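Visitor: Next come the chains, spelled out residue by residue.
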Amino acid sequence: MNKYVERLYNGIIKENPTLILMLGMCPTLAVSTRAMNGIGMGLSTTVVLVLSNLVISLLRKVIPDDVRLPSYIVIVASLVTVTELLIKAYLPSVYDALGIYIPLIVVNCIILGRAEAYANKNEPGLAVMDGLGMGIGFTLALTVAGLIREFLGNGSAFGYQVLPESVEPIAIFVKAPGAFLVIAFIIMIQNAIGIKTRQKQLVENCDGCCATCAAGAACNKPEKEAEK
Amino acid sequence: MTNLIMIILTTALINNVVLNQFLGICSFLGVSKSMKASASLGVAVIFVMTIASAVASILYDNVLAPLNLDYMKTIVFILIIAALVQIVEMFLKKKAPAIYKALGIYLPLITTNCAVLGVALTNVQDGYGFGESVFAGFGTAVGYTIAIVLLAGIRSRIKEEDLPRPLRGAPIVLISAALMSIAFMGFSGLSL
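In order, the protein sequence lines correspond to chains A and B. In terms of the working numbering, the numbers along the first sequence are unbroken and rise by one, the last being 912. In terms of the working numbering, the numbers along the second sequence are unbroken and rise by one, the last being 292.
Hints were generated in silico from the structure; no laboratory data involved. Bear in mind the structure is a predicted one, so any value in this text is a computation, not a measurement. Using N, Cα and C, we set each Cβ at its ideal position, and we do this for glycine too. One should not assume that every hint holds.
As the list claims (entries may be wrong) - Heads up, simulated DSBU-like pairs for lysine-lysine below, C-alpha to C-alpha not over 30 angstroms straight-line:
#, chain 1, residue 1, chain 2, residue 2
1, A, Lys745, A, Lys772
2, B, Lys136, A, Lys884
3, A, Lys884, B, Lys259
4, B, Lys259, A, Lys880
As the list claims (entries may be wrong) - Sample of chain A residues facing chain B (criterion: CB under 8 angstroms; computed from the structure):
#, residue
5, Leu713
6, Val758
7, Leu836
8, Asn838
9, Ser840
10, Ala841
11, Ala868
12, Ile879
Stated by the list, open to error - Derived DEER-like restraints, expressed as beta-carbon distance ranges:
#, chain 1, residue 1, chain 2, residue 2, range
13, A, Val851, B, Gly231, 46 to 56 angstroms
14, B, Asp170, A, Phe869, 36 to 46 angstroms
15, A, Asp749, B, Ile254, 39 to 49 angstroms
16, B, Val249, A, Tyr844, 22 to 32 angstroms
17, A, Glu852, B, Gly253, 31 to 41 angstroms
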């Protein structure tokens, strides 16, 4: 397989950031109320991810190792601000639906994670494909979760009513608890059919959030020090 | 005064930061494994979030707003929070070694906690002044602490149970969080 295509496959299937690596749980839980919100959030994140991987890969020989994390944060924050302003100007309905979660793309660990794990070690072409694959994988996962929640909680799919009016939807699924439940069931099914995920890390040492970024070291410190 | 108390109640219980807004999920799920760690992290979050809300509010009202630099707020806030955590850490290390020993290891963790940035941005969005921002930051952090300590308590009981294999690990923790979230929905009737 061509190594560029391999990157896409890796991001979408093999190392899907949400379903396998369990990264970026905050936006996954928060914006999956509707399938369209999932697509909106996923594509916004993809744009930021592709551009940040490109910029960081281009600057990988320029940024000193000691200050790389603050540099990445500034690059990502700038890209997020640009994306936010573009969405506000051209897609106001998406902006209203996603609200505070658009600026919070800055702290989405998928982005810093890919910068640290891939973009700062590889050439720009590959880094872009990696960002694209991860972004599409994230978008698909969010859309699927959104579709499940929208169908169960609202009886619709992508905004179109699917269930007849006489069937009462289970409203809890579009409210906050439904987010936890749907993700729990998805992981449970993956466990049952034997798909290997990093679900253990998610609930044991917050690796799910920042394993790949340097902050991961800080994350695991409390546990290690507590054991002493 | 009632206004400020209402802000604390709203941010801590009615609109709980973790169970209702899904901010800070990673540390909520990751650290709740141990009760002691959860309580210490909670205290550290209260500390940092209150200060961060105050500093972000001062900076926004006096620098960003007058200069029409509203669009710079994401970049400015994330840098302030990162710098602030460093300063707090250095200050505590020097001036209050006892507190540093208890909280120090949790401080770097908080920089990556999206709840802190989320609160700073929400305060600006809601048009809160200085006092309101500080109370909102404090209330949110209290809500975070309540949620993580409660989940740690539940998890210490779950650990003893013999669960079906697919449920072990993340699924049962997420289901516990869902049940807590349902319980917290009861507070939404509390709008005074």
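Visitor: Determine for every hint whether it applies to the structure shown.
Guide: Results for each hint:
1. A/Lys745 <-> A/Lys772: violated, 34 angstroms
2. B/Lys136 <-> A/Lys884: Between B/Lys136 and A/Lys884 the Cα gap is close to 20 angstroms, so the pair holds against 30 angstroms.
3. A/Lys884 <-> B/Lys259: Measuring from Cα to Cα gives roughly 14 angstroms; hence the hint holds.
4. B/Lys259 <-> A/Lys880: holds, 22 angstroms
5. Leu713: holds, 4 angstroms
6. Val758: holds, 7 angstroms
7. Leu836: Where the cut-off is 8 angstroms and the nearest Cβ of chain B is about 13 angstroms from A/Leu836, the hint is violated.
8. Asn838: violated, 17 angstroms
9. Ser840: With a closest approach of 22 angstroms, the A/Ser840 hint is violated.
10. Ala841: It is violated, given that the least Cβ distance between A/Ala841 and chain B is near 23 angstroms, above 8 angstroms.
11. Ala868: holds, 4 angstroms
12. Ile879: violated, 11 angstroms
13. A/Val851 <-> B/Gly231: 46 to 56 angstroms: With Cβ atoms ~49 angstroms apart, the hint holds.
14. B/Asp170 <-> A/Phe869: 36 to 46 angstroms: holds, 41 angstroms
15. A/Asp749 <-> B/Ile254: 39 to 49 angstroms: For B/Ile254 against A/Asp749, whose Cβ atoms are near 42 angstroms apart, the range 39 to 49 angstroms holds.
16. B/Val249 <-> A/Tyr844: 22 to 32 angstroms: Violated - the Cβ-Cβ distance for B/Val249 and A/Tyr844, about 43 angstroms, lies outside 22 to 32 angstroms.
17. A/Glu852 <-> B/Gly253: 31 to 41 angstroms: With a Cβ separation near 34 angstroms, A/Glu852 and B/Gly253 satisfy 31 to 41 angstroms, so the hint holds.
In this structure, the earlier hints numbered 1, 7, 8, 9, 10, 12, 16 are contradicted, and the remaining ones agree with it.
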